[in-house]
Amino acid sequence: MRNIFKTSYVQDIRLIEHGGHVFWYGLLLIAVFAAPLLIPQFFVGEMSLVFVYAIAGIGLMLLTGYTGLASLGHAAFLGVGAYAHNYFVTKLGIPFPFALVMAGFVSAAVGIAFALPALRMTGIYLAIATLAFAVILDQVFSHWASVTGGFRGVPVARPNLFHLDMNLFGWAVNIAGWEMKTEVHFYYVCLVVLILITLGARNILRSATGRAMMAIRDSEISAQSMGIHIARTKVTAFGLSTFITGIAGALLAHKIQFISPEAFNIILSIQLLLMIVVGGLGSLHGCFYGAIIVAFLPQFLALMKDVLPPSIGQIPGLQGGVFGLILVLFILLEPYGIYGRWRKIRLFFEVFPLYRAATFKRRRGYLKTERMR
Amino acid sequence: MEVLQLLIGGVAQGCVYGLIALGFVLIYKATEQVNFAQGDLLMLGAYVALTLIVEARAMGWSIHLAFWLALPLTMVIMAGFGYLLDRTVLRPIIGQPQFAVVILTIALGFVFRAAAGAIWTTESQTMATPFTGKKVVIGGAVLGAESLAIIAGTFILAAILYLFFRYTRIGIAMQAASQNQLAAYYMGIPVKIIFSLIWGISAAVAAAAGVLLAPIATIDPEMGFIGLKAFAAAVIGGFGSLPGALIAGLMLGTIEPFAAAYGTRAGLPKGVPEVSAYILMLVVLIVRPQGLFAQVHRKKV
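Which chain is which? The protein sequence lines are A and B, in order.
Under this note's numbering, read the first sequence as residues 1 to 373, first letter to last.
Under this note's numbering, read the second sequence as residues 1 to 301, first letter to last.
Incorrect hints may have been included.
[Said to hold, decoys possible] Which stretches of chain A does chain B cover? Using the computed rule of at least three CB atoms under 8 Å from a CB of chain B, they are:
id : segment
1  : 111 to 121
2  : 129 to 137
3  : 140 to 146
4  : 328 to 337
The hints are simulated quantities; they were obtained by calculation from the structure and are not laboratory data.
Beta carbons: idealized from backbone N, C-alpha and C, even for Gly.
Using the sequences and the accompanying hints, generate a full structural model.
In structure tokens:
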């Protein structure tokens, strides 16, 4: 078992806790960068989907897992990012990297505009409000045809790095740029964005803002007593979360190559939630585990269709049902998700004969009513 | 007479919203759990009733006999289902964060939908009832008998629930459990069983709503999404108030057809009538987060 004796505050908030991290994360980095050379192109495409989902998961995790604000409508912010990005790239001709960041800002602006009035609500009411907001945004996607293409949707071109086709102060500027023709190119773009976002999220979480967010999650009253500005922190969390989700949406638009309002419905919101709950609420690792499950499960089910008897394999809502079943089982049996299970297994081996199941036991309390406020 | 027709149709739709919202509120009031699968319980109830009626008709029973036997039987079956659901799935997570219950019930909804698709196929089906296709003419307006049946059914059900909570021993025990779980427990009320019973009642109310809704809608596994609108009604009504849920349901039901009929003429942007329920809910949540008929008490320090 590795014991780290922390002797200074700087050591407590260090990004890399010990040498083991350097080794294992380094190995992981090498593996993901080398992966396209080793695995078939189809799986490279699937992997980039995992990365996109992981980015969206980090966005939702900051809000739900770290600030304790549940959102049932995060798919709508994916949609905002996707539509904004596509508009910037195709209609305004802004180069891909800038459009990506701007899409994030548009999504964040929408998120903050929602958060400012909505944060008067707490708990379940906030979750419901996000749901309602997502339904309203869905109608906006359907009816604001000049930007979104309406019900029929719009095709999304392949991403093109540094392509510029604008009229700048009377000068027609046209730079051919570099079109990402294959899945492998796009894979690297997603990977780089994911690494940047992960490092960014990790840094936010160890900054004052991140610690304030976690304090609010654990107890709003005690956070307030410690001098944390509750409303400002919550709005910041909402902004950060929707910014990251918007970027994920922009990448998702390129990934699915066609965006329409149905792509961003409540089912996707639930999938995002499933991702962070199954992965493990309150851990960045969880986003990745969850993303792997959400991205690969449909493929796995498609494969199983041929193996299973037709009476089970041909059920139309099979995918939703299996997602639901997984979620139910995780909440009942392993509320800490895959990452929580991994921590338990690791602890079991670290302290080998001395493991006690009660270490992770959840405290059960009498319900604190929300009607008394 | 267009207005009267819109009004009756809207009130009928509103009654269905109100009944589903009633189910939400019953569970929330007693257990502070939010049941997002309420709409899917409605869907299951509609399918059970459909199956019973089809079976009874196959045995040569008249439509009246089949329907009036299927309605209570469906409610009993669904009540048992709700009781078992609480006993097996929801009781283990009592005392965990409220959010866990929200996700759990959403997930249950998905499971129910897939199960319904597997058992009854995903094709839309219609249910034959004694009211189907009959018309009633009142003062020159032609009204569907289905709508009037829904309104009547809702009022009878609401009256039964009112009498049950007001006068029966178990109803009063339920009120006690919803006001203060711990105190009710000390008074010897079996709170856990009460919770399961509440889930049973709520499922039965949802089933009744499903049977009433079936003549004016088609039955398919996705019909539970009506629960989202009913949810808006429950929130507008203040989530802890039974009359509030019914009134807000009626309100939403009547606003929708009028928004659809006159909205574009009044210059509303396209798409607004479809989401009028949610816009109203957001406004209510922002202006008066505890709902119109609130039951929030300030904590005294």
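Quiz item: Okay, which hints does this one fail, numbers in order?
Solution: none
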